[in-house]
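Visitor: If you're matching them up, the sequences are chains S and P in order. So the first sequence is numbered by the working numbering: it starts at 1 and just counts up by one. So the second sequence is numbered by the working numbering: it starts at 1 and just counts up by one.
Calculated directly from the structure, the hints in this document are not laboratory data. By construction, the Cβ of each residue, glycine as well, lies at the ideal position given by its N, Cα and C atoms. Zero decoy hints are in this set.
Looking from chain S toward chain P, a few residues come up when the C-beta cut is under 10 Å (computed): (1) S413; (2) S438; (3) L485.
Derived pair list, reagent style DSS-like, types lysine-lysine, alpha-carbon separation capped at 25 Å: (4) S/K319 / S/K270; (5) S/K82 / S/K64; (6) S/K82 / S/K473; (7) S/K459 / P/K118; (8) P/K118 / S/K486; (9) P/K118 / S/K407.
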Amino acid sequence: MPSLWTTLGKWSLLGIACIIFGFLSAESTQAEFDGILELSYEELADEEMSVLYQSWLGWDAAIKVGYYYRDQPYSNLNLQLKTPEMTLRGAYQTADREISSLQFVLYERLTLGDFRVALGEGLIFSRAGKQGIIDSPAHPNSYSPKGVALSVALEDWQALGVYSRNKRAVRLNADKISFLPKTKQDYLASSMESICSVALWRNWGFGHTGAIYYYQRYDKGFYSADQDSLMQTVGVFARADLGMHSLSMESVWQASDPSIRVEWMMRMGKFGQKWRYTSLGNYQRPAYASKAALLTTQDHRDEIMAELSYRFIPGLEMKLASVQNKRLGALTDVAGLSHNDINIRAWDADSRISLSLKIIDREILTAVDSSYVHSIPLHYRVILSGAHDISENWWLDLAARYHYQEKQASLSSGSFFRQGIGYQIPRFEAWMGFSIHSSTNYRMIVLDDSDMGYEVLGKNSLRLEMKTSLRRKNGRFTLRGRQDLKGSQSTTIDLNLSYTL
Amino acid sequence: MLALLLAPVIVSGQYNSATSNALSGLGMLSDSVADYAYSPILGKTGISSSYHRPFNTPGIDIFGLHSAISKGDLIIATGTGYLHHEDYCQQNPYLNLNYGFGAFRFGMSAHLAYDSIKDEDGEYRFSYDLGMAYSFNDYRAEILLLQKGQANERLALSLGAELDPRVSVAAGYQIPKTENNVLSMGIRADLNEHLGILSSWQSLQNRFGIGLAVSLAQWTLNYGIRSHPDLDYSHAISLDYSW
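This is chain S alone, in the form it adopts within the complex (with noise of 0.2 Å):
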């Protein structure tokens, strides 16, 4: 039990962050709303694979290679290629393999190769935006659906039609598919997977509304009983977007029980919110939808997403939201699961400061005796970011995080501390700086620029960082190295050359 010296402290310390934001007052640079998990990490690949090409929807002509020095070298290229008639978009990756993607986009309607399909709210495929849309191709190693995708519009109707067929790696229990990999990797099984789907809407200037039928099928069977290597679904989705409120909806049919989900989304000023409801029924996850709840990857479950946003004043701004998942139908659910975040963010001319308390139902199974026992033991993390500027060129930034762990079996807390220093001028970049993380035996995962988005950090480790990038004309050079003082000693160089036309 603390002290009540130690709880006051605490306090004092949460004080201490009111304070500084108190004192923090100016214009903001972003205002969206952003995902409060950090527990999917599985889609940022992807994501990063969105930004570069978004990036370069205004060139006819880009390139971008990476080399990657680790334990396990690779490198990788994406070109894109443009002209009023055709678009012509690429990826290709070696590291203990070589893989590629490959997207031949002709006047905006028909693809073929690879590409992503983005429609309805993500119970299909992946969640959309306004719109419904044939996407760019997803990260190399990621796989994503292979063959033709034809979109028309014709007045308000638009209508989208999906072939694809792709050979996957699997994890074989009996002939039978045990684990089915969202990434590209060395698995002495394979099967094919055949999906073909049709979609048509209607857009009513506010928004739209349509029907989807998809087809899922792999050449072997699943070992466990809630797949099915033959899935037929149909559903219905819909969208409006009135001013301040959006309104969106999908549901969908499997074999008995439908599934659904609902957003609101409201911004009006100083305040934001969006909620979504998710009841999920008989559901299988088809092969490239979005993850359908966000806490837990079982059907059957209900799940409640809240966030709100306030602007207090010009620089000050604060976040909540919850998640809420539990089973369908049980009242005295046990394994209810939720997901809390507070973030405060503020900022002014020349700093910015971030601080964010989650706490996280983690699910634990422990071994006792022949059995296992269920809990969900106490699980917060509190993360803090900020940056200052001290001069024209020369800046300041900090960011750390804790994760509290209630002990419970071999898990335990750990935390990450980096702290640098940044010179700027106009076309170069640089910085240098340390990390420390000590998480035991806790893999603990922080959000970086590399292509994964992401990189996966293990015991106790000092490190010295660096980064540098250099623009000319058309042309960015990035250059980022990390070095091990401790344990592994390990180096790890990224290197970035991108050129636009």
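We have chain S already, so just place chain P on it with the hints.
Guide: Showing chain P alone in chain S's frame:
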């Protein structure tokens, strides 16, 4: 093995910055932001990187990086020390806020210390420092509550005076929660705008400290050495940039 046994002792009873090493922790005489680790009311801004070799023990190195910025009368400081040894690691990141109001300065630091042996049994400990200072003409008084919530919690009282624009003296009295009280005294003499000498003495254990501060514009290179009745000298060096 000796280094491993010494490591926890080093952490609890040692000052890691060059200035605190030379001044026996009398932060009143220090102008290095590295000393926010020991004094929440330093009132300085800048950046400091430090290296400390306690008792000249092979294999134990303590690195530090500290910085402080000001927002009006408010100063926000942060930093950490990192003890590196093959079999033992210790770190002490902290966040400090100190505020000047007329002749007063108030400050608070929150520490999250961590240590582990051979990457096993890692343990986090939370503690905090509180402090208040009052200045009157050439005199200054400080009261500090340090490492609250830890075994080495202590109350520190200090008095100081500026005898001359280039000579300052201070005396401190520490009242630890569990150990004997400690008296310390220090002096800082700036010979010219580029060179300063720092010296100190403390009782229980009887230890002396001496150091040099070489300044050029906003840069300062500090070196501090401190004796111990039984062990070898402790050496620390730091490079500071102030703004």
